[in-house]
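Trainee: The chain contents come next:
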Amino acid sequence: MEETLIPYAGIVTKITGQTPDVKTFRVEAPEGGKLFEHEPGQCAMLSVPGISEAMISITSSPTNKAFMEFSVKKCGCLTDWLHSMEEGQMITVRGPYGRPFPVHDELKGKNLIFVAGGIGLAPLRSVINFVRDNRADYGHVDIVYGSRSKDDLVNYDEIVGEWMHTPDFNVHLTIDREQEGWDGHVGFVPNYVKELDFKPENTCVLICGPPIMIKFTLPGLIELGFDKTQIFTTMELRMKCGIGKCGRCNIGNKYVCKDGPVFRFDQLDELPDEY
Amino acid sequence: MKKLSLAKLNDLFAAIAQREALYLPVDNGTGKAEYTKWQEGTVYSTALNTGRSAKDFFFPQTENLMEFKMEGKRIDVIDTREECEDFVIFGVRACDAASFDILDRVYLTDPVDTYYKNRRQHGTVVTMACGRPAETCFCGTFGIDAADPKGDVTCWTVEDGYVLRANTEKGEALLAAVDGLLTDTDDKAVQAAQEKTRAILAKLPLAALSTEGVGQGLTKELFDRPEWASLSEACLGCGTCTFVCPTCQCYDIRDFDTGHGIQRFRCWDSCMYSDFTKMAHGNPRVSQLERFRQRFMHKLVYFPDNNDGLFGCVGCGRCLARCPISMNIVKVMKTLAKGGNK
Chain A
1 MEETLIPYAG IVTKITGQTP DVKTFRVEAP EGGKLFEHEP GQCAMLSVPG
51 ISEAMISITS SPTNKAFMEF SVKKCGCLTD WLHSMEEGQM ITVRGPYGRP
101 FPVHDELKGK NLIFVAGGIG LAPLRSVINF VRDNRADYGH VDIVYGSRSK
151 DDLVNYDEIV GEWMHTPDFN VHLTIDREQE GWDGHVGFVP NYVKELDFKP
201 ENTCVLICGP PIMIKFTLPG LIELGFDKTQ IFTTMELRMK CGIGKCGRCN
251 IGNKYVCKDG PVFRFDQLDE LPDEY
Chain B
1 MKKLSLAKLN DLFAAIAQRE ALYLPVDNGT GKAEYTKWQE GTVYSTALNT
51 GRSAKDFFFP QTENLMEFKM EGKRIDVIDT REECEDFVIF GVRACDAASF
101 DILDRVYLTD PVDTYYKNRR QHGTVVTMAC GRPAETCFCG TFGIDAADPK
151 GDVTCWTVED GYVLRANTEK GEALLAAVDG LLTDTDDKAV QAAQEKTRAI
201 LAKLPLAALS TEGVGQGLTK ELFDRPEWAS LSEACLGCGT CTFVCPTCQC
251 YDIRDFDTGH GIQRFRCWDS CMYSDFTKMA HGNPRVSQLE RFRQRFMHKL
301 VYFPDNNDGL FGCVGCGRCL ARCPISMNIV KVMKTLAKGG NK
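Line by line, the protein sequences give chains A and B. Numbered according to my numbering, the first sequence spans residues 1 to 275. Numbered according to my numbering, the second sequence spans residues 1 to 342.
One thing to keep in mind: the hints can contain errors.
Said to hold, decoys possible - Calculated pairs, DSS-like style, for lysine-lysine (alpha carbon to alpha carbon, straight line, at most 30 Å):
1. A/LYS73 to B/LYS73
2. A/LYS74 to B/LYS73
3. A/LYS258 to B/LYS278
4. A/LYS74 to B/LYS69
5. A/LYS215 to B/LYS278
6. B/LYS73 to A/LYS14
7. A/LYS73 to B/LYS220
8. A/LYS258 to B/LYS117
9. A/LYS65 to B/LYS278
10. A/LYS34 to B/LYS73
11. A/LYS23 to B/LYS69
12. A/LYS215 to B/LYS69
13. A/LYS23 to B/LYS278
14. A/LYS73 to B/LYS278
15. A/LYS108 to A/LYS65
16. B/LYS69 to A/LYS14
17. A/LYS34 to A/LYS65
18. A/LYS74 to B/LYS117
19. B/LYS278 to A/LYS228
20. B/LYS220 to A/LYS258
21. B/LYS69 to A/LYS34
22. B/LYS117 to A/LYS228
What the hints assert, rightly or not - Listed next, the stretches of chain A that the computed footprint assigns to chain B, with coverage defined by at least 3 CB atoms under 8 Å from CB atoms of chain B:
23. 49 to 60
24. 229 to 238
25. 247 to 258
Hints listed in this document are in silico derivations from the structure and should not be mistaken for laboratory results. The beta-carbon is built from N, C-alpha and C at its ideal position, and this holds for glycine as well.
This is chain A alone, in the form it adopts within the complex (with noise of 0.2 Å):
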């Protein structure tokens, strides 16, 4: 009987650095092709033997049939080992886990817009290739995306030389503050979402970033006229086994690693605020 808790070796087959303390993982299976199947927003639990194994979203978008890829910021044991991991050294994967944004009912057909903050991006850019790969599906898409500084900006050769070149796509990229070089948008993702004055007619909005910075935009796009109804995250939690039995993921009654990690914000609005 299949064991959930058992791990595919996958291989790395490339690593690229995408911000000082930001790598973007390829994973292959040893033969070939990817470990498994997944939905724009789930994760997988990504180990390495002796050292630890962490829940991390695969960024990759489902439509890839080739491989998949995690970006991972490096913060703690596991990430640390990764970042100063060779290509072609195998890691441990097991997934996918979770429920995906939900792109083929209510987000479809549906104007989209993706609010991200620094690694944030990671989970929304998953969904963000699965619409361009089914650009019919969904209506205009707008993406709001921030971070310290320039460098900080995680795929930004893929924001600049594919997001911006898809019809029908509006990026607009914006960093803390001034820096030479850089002759964008200067301030943080809350204020730029305001000034940028959204319609919220049949559209939807996808935010992933620092608590700081959904804490800020929420209020902005109430203003504008969202809806809770309207605006879904994906959350992260502590997490162990992945499938809601190890007892550490849950906000009130909801484990993040199964109910979730994507809610919807009227939805967190019934969970007791404890994340």
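Fit chain B to the given chain A structure using the hints.
Mentor: Just chain B now, with coordinates in the frame of chain A:
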């Protein structure tokens, strides 16, 4: 129903132990009974409930999950799972038997925990109706009948022996295997024993404890109650309550370098510990108040929310006896019910 005469109890144990491993409560010399593997000369303790709960049999304190061989850049994942051997646990109380239902809800729900399922499939549970409940017992609060416990086989102590009733196929198979020791009987003696037990249960100090004020759908009402502060104030965060609890099911997964490879194991964990939810970017439960609240909200609200009203407590009373600061779920329930409970 089947009957075993008093003098044949040891023969029954010997007959079972010949087929498969048999565990039963045995006095450990410190005034407590613990589940011990039966061998010739082992004396079954009918005293108080065991110090450790029976969950250890299906969800052991620590167990190996898998191994990894690491060579250069290569990792081999080795599935070390093995079919468990059959075993019997004899003398499980109604509370611990009910805790298996709760653990089943967690571990047998899709995706199934195959480690747990393996043990569950191979274990036969023989429950013993309570003849001597303790002052800390309150299983009745959660609708558990100590005079008629669940399990594969239920056993009652009657005046001149034991009466056994098979409740499941596994139980029938066990009784069939020892049929030579048993005779047929009716349920008269059982009813008399049950009446006696129920008379004791009604007199227990916590007999009137009700679930009023806690349960399904009450997160909003209970989460911000100011009483959590005073209730949790003295909590040491030692985790003893979670370790003696038959329904606490949280676990940690860790790796151990054996020198020949990496062993991945899991062990019990506790929501009472400060690093339980700690992440690189912060901790959603920084204070002991939040951790304390989590434990009781889980048992009294969140678990019922997700399991058709079933509470995550079986009233075994172990945490009442063991908490170093004498805090416990009963005090929490009484406080939350705002004087509704006496």
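Trainee: Of the numbered hints stated previously, which ones are contradicted by the structure, given in increasing order?
Mentor: 7, 9, 12, 18 and 22
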